[in-house]
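K.L.:
These are the residues of each chain, in order.
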Amino acid sequence: MSPAADVKTLVIDGHEVSARAGQTILEVAREHNIDIPTLCHLDGLSDVGACRLCVVEIKGVNKLLPACVTTVFEGMEVTTVTERLTKHRKTILELLFAERNHICSVCVSNGHCELQTLGQQQGVTHVGLPYRNPELPVDASHERFTLDHNRCILCTRCVRVCAEIEGAHVWDVMGRGIDSMIISDLNEPWGESSCTRCGKCVQVCPTGALFDKSKIGSDHPKYPDFLPYLKQMREAQ
Amino acid sequence: MTIEELDQIAESVHAENAKFDHEINVCMGTGCLSQHSDKLRDELTNVVAASGKKAFVRRTGCMGLCAAGPLVLVDPEETLYQHVNAAHAEAVVASLGGEPIAALQCNLREHFDQQVHVVLENSGHIDPEKIDDYIARDGYQALVKALTEMSPNEVIQQITESGLRGRGGGGYPTGLKWGTVAKASGDLKYVICNGDEGDPGAFMDRSVLESDPQRVLEGMCIAAYAVGASKGYVYVRAEYPLAVARLTNCLRDARRRGLLGNNICNTPFSFDVEIRLGAGAFVCGEETALIASIEGKRGTPKPRPPYPAVSGLWGKPTLINNVETFANIAPIIRKGGKWFACMGSERSKGTKVFALTGKITNTGLVEVPMGISLRQIIEGIGGGVPDGHTFKAVQTGGPSGGCLPTELLDIGVSYDALLKVGAMMGSGGMIVMDDTSCMVNVARFFIEFCMTESCGKCIPCRAGTAQMHTLLTRICAGHGTMADLDLLVDLCGTIKETSLCGLGQTAPNPVLSTLKYFKNEYIDHIVHKRCAAGVCNIEAPSAVEPPPTTTASLEVLA
Chain A
14 MSPAADVKTL VIDGHEVSAR AGQTILEVAR EHNIDIPTLC HLDGLSDVGA CRLCVVEIKG
74 VNKLLPACVT TVFEGMEVTT VTERLTKHRK TILELLFAER NHICSVCVSN GHCELQTLGQ
134 QQGVTHVGLP YRNPELPVDA SHERFTLDHN RCILCTRCVR VCAEIEGAHV WDVMGRGIDS
194 MIISDLNEPW GESSCTRCGK CVQVCPTGAL FDKSKIGSDH PKYPDFLPYL KQMREAQ
Chain B
12 MTIEELDQIA ESVHAENAKF DHEINVCMGT GCLSQHSDKL RDELTNVVAA SGKKAFVRRT
72 GCMGLCAAGP LVLVDPEETL YQHVNAAHAE AVVASLGGEP IAALQCNLRE HFDQQVHVVL
132 ENSGHIDPEK IDDYIARDGY QALVKALTEM SPNEVIQQIT ESGLRGRGGG GYPTGLKWGT
192 VAKASGDLKY VICNGDEGDP GAFMDRSVLE SDPQRVLEGM CIAAYAVGAS KGYVYVRAEY
252 PLAVARLTNC LRDARRRGLL GNNICNTPFS FDVEIRLGAG AFVCGEETAL IASIEGKRGT
312 PKPRPPYPAV SGLWGKPTLI NNVETFANIA PIIRKGGKWF ACMGSERSKG TKVFALTGKI
372 TNTGLVEVPM GISLRQIIEG IGGGVPDGHT FKAVQTGGPS GGCLPTELLD IGVSYDALLK
432 VGAMMGSGGM IVMDDTSCMV NVARFFIEFC MTESCGKCIP CRAGTAQMHT LLTRICAGHG
492 TMADLDLLVD LCGTIKETSL CGLGQTAPNP VLSTLKYFKN EYIDHIVHKR CAAGVCNIEA
552 PSAVEPPPTT TASLEVLA
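If you read the protein sequences in the order shown, they are chains A and B.
Under my numbering, the first sequence is numbered contiguously, ending at residue 250.
Under my numbering, the second sequence is numbered contiguously, ending at residue 569.
Source of the hints: derived by calculation from the structure; they are not laboratory data.
Quick caveat: nothing in here was measured; it's all calculated off a predicted structure.
Just so you know, nobody snuck in bad clues.
Footprint (simulated), chain B over chain A, 3 or more residues, beta carbon under 8 Å: (1) 61-67; (2) 100-108; (3) 184-193.
Note that CB positions come from ideal geometry on N, CA and C, so glycine has one too.
All chains should be built: construct the whole structure from the sequences, respecting the hints.
P.N.:
Structural data, given as structure tokens:
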């Protein structure tokens with residue numbers, strides 16, 4: 014294939030943009046400063062298309078498709094914000110807020126939480142769904158970090174960063190459906206697991222589910238930006 | 012193996028059968044076995060030996076009419092006996108050659124006469140554990156024909172011409188799928204048979220695997236030849252032990268006969284098949300989740316594209332079809348695509364096997380041409396609703412399907428017609444409900460199924476089905492409000508449009524279809540606090556103080 018053929022041109026929200034073949038809609042949109050909300054996606058990790066917040070409308074396609082895993086094609090016309098999409102995004106966020114116990118005022122990530130930020134951005138002022146209020150455990154067995162299942166949204170960023178970047182694969186998911194839980198090793202306490210104590214999972218966690226014990230009661234911003242650099246450096250070697 | 016050799020085997024089987032005056036076929040499918048048809052067969056064998064009559068007792072697969080099991084079919088008279096047990100063995104053997112036993116005879120002509128058997132043509136007639144029985148009924152003729160007389164392209168052409176569509180539920184044109192996999196580049200390709208039948212009340216695939224496993228295998232071999240695959244997997248539920256046992260046996264026999272393995276029929280084509288057991292997750296019937304499960308991973312679906320036809324099992328091009336789809340292949344190759352296309356409706360060709368269950372007289376397996384009306388299936392073949400009750404709804408397509416009322420009974424069953432009215436073909440489960448069923452409760456049951464079977468990967472399906480279940484439980488208990496109903500409809504929309512895989516995308520169907528056709532029952536529960544069918548346990552209205560819908564404000568966000 015000639016190099017020229019590798020370039021695709023498409024329209025996102027009325028803007029004509031160009032992209033390399035194989036790029037996802039999300040990559041191209043972000044390169045052109047068009048923001049599409051995401052929770053499970055993180056630059057540097059593989060995509061799973063699980064949070065469904067990045068679904069977009071594509072002209073000629075009946076279904077809504079997730080921007081994070083849908084690759085561009087020539088002449089594609091993408092719309093990232095419509096009334097229908099906003100409604101779905103708000104419902105998905107409401108589903109998350111009602112699923113477990115997301116009480117921002119007493120959360121260590123208050124002010125630095127991606128779920129909270131998205132709620133604000135999308136205008137989720139009320140949750141109309143019944144709160145499920147599950148009683149979930151908090152694993153504080155690790156000497157440095159804590160896992161609070163009540164704040165977990167099962168985005169599996171921790172699972173992926175541990176398996177793909179750290180190479181330890183401590184985290185995984187157990188159970189099914191609404192009973193799914195993040196576990197370390199074979200559902201052992203985190204502190205007794207094969208954890209390498211690198212803390213990458215804490216940095217990529219979008220909410221206050223994984224946090225540094227030393228930050229309790231103080232500001233706890235997270236820095237997931239190390240990932241693309243780390244990946245780039247490794248690939249360069 | 013050549014056509015001549017197959018004919019020789021067939022001849023020897025026929026010659027062996029000709030030594031007997033009578034054949035006593037005993038159904039040993041799961042349904043009849045659960046009523047001890049194995050003891051019946053042993054007793055019949057003993058009695059026949061003692062009587063000195065020239066009769067042969069054969070174990071067979073499902074005869075279809077499971078409600079009347081254990082079933083015994085006496086050939087060549089074609090006398091069908093129902094509810095036979097070991098105590099009847101003497102009488103059955105004594106009646107051979109004479110008058111049939113009136114008390115045991117099953118005279119359901121209309122049940123059988125309206126059916127057309129393609130997939131089930133051998134079920135109930137051959138011993139599923141004897142490959143020669145299958146060969147004697149034209150088995151493997153299609154494979155040998157395909158390998159020796161047809162190019163892979165010609166095979167795909169025949170399948171395309173037949174108009175066969177995937178029998179697992181989606182209804183994707185089989186020929187098109189095969190063509191895509193055949194064109195995909197790769198030195199290694201796979202063929203997978205999806206036998207992870209999980210719909211409540213569905214047992215078509217189980218019966219086919221139990222009654223005629225060689226047919227499925229032959230279909231897989233032909234598919235492998237057509238797409239250029241060298242390795243196959245049958246993914247079957249561990250809950251189907253008999254199907255697994257018969258399949259294992261079937262693979263071994265096919266290898267011994269040289270119909271599986273290296274250089275099949277002395278051609279360069281090599282193909283082998285392994286069995287993989289499903290651990291009981293409904294979602295593993297979804298093709299990408301099934302592939303993940305075979306790879307040894309957690310059975311969760313992946314976003315498509317890439318479709319398995321391009322990147323499937325271990326990243327290789329993979330053809331994945333349902334059991335019933337593969338079971339249709341051999342007759343199509345044998346008789347031609349045009350023959351198959353003559354049956355059925357305009358856009359849904361051939362026949363479809365349905366598992367008739369619920370409040371219906373003739374519970375069991377039926378195979379009908381596409382396009383036949385629901386009324387013919389339920390009232391004609393199925394014998395209608397028993398015990399003087401009246402028909403209320405029929406649920407097609409399992410938890411992904413919808414409930415259809417009496418007014419829609421005259422629509423013909425086809426992929427498109429069912430989709431149009433809010434149901435779907437699904438894999439072929441058909442649950443009949445009468446006036447003792449509460450449709451709100453039925454919707455709750457199916458949502459509960461989807462909730463517990465959701466893999467938990469994507470949010471709309473994981474949390475959405477759980478929320479729907481909460482709302483429906485509330486309505487069933489008489490605590491629901493009209494606002495809850497609106498919320499339910501909203502949720503249905505989001506779950507349907509944003510879920511990752513088919514499970515979530517179709518999970519709201521039972522709710523949407525019952526809301527469309529039985530909205531009065533929801534209103535009854537919410538406004539009048541009563542359940543007409545008497546299923547839901549609603550307290551007297553005065554004692555109920557309906558709690559307000561939780562509308563908590565997120566102070567921090569506001």
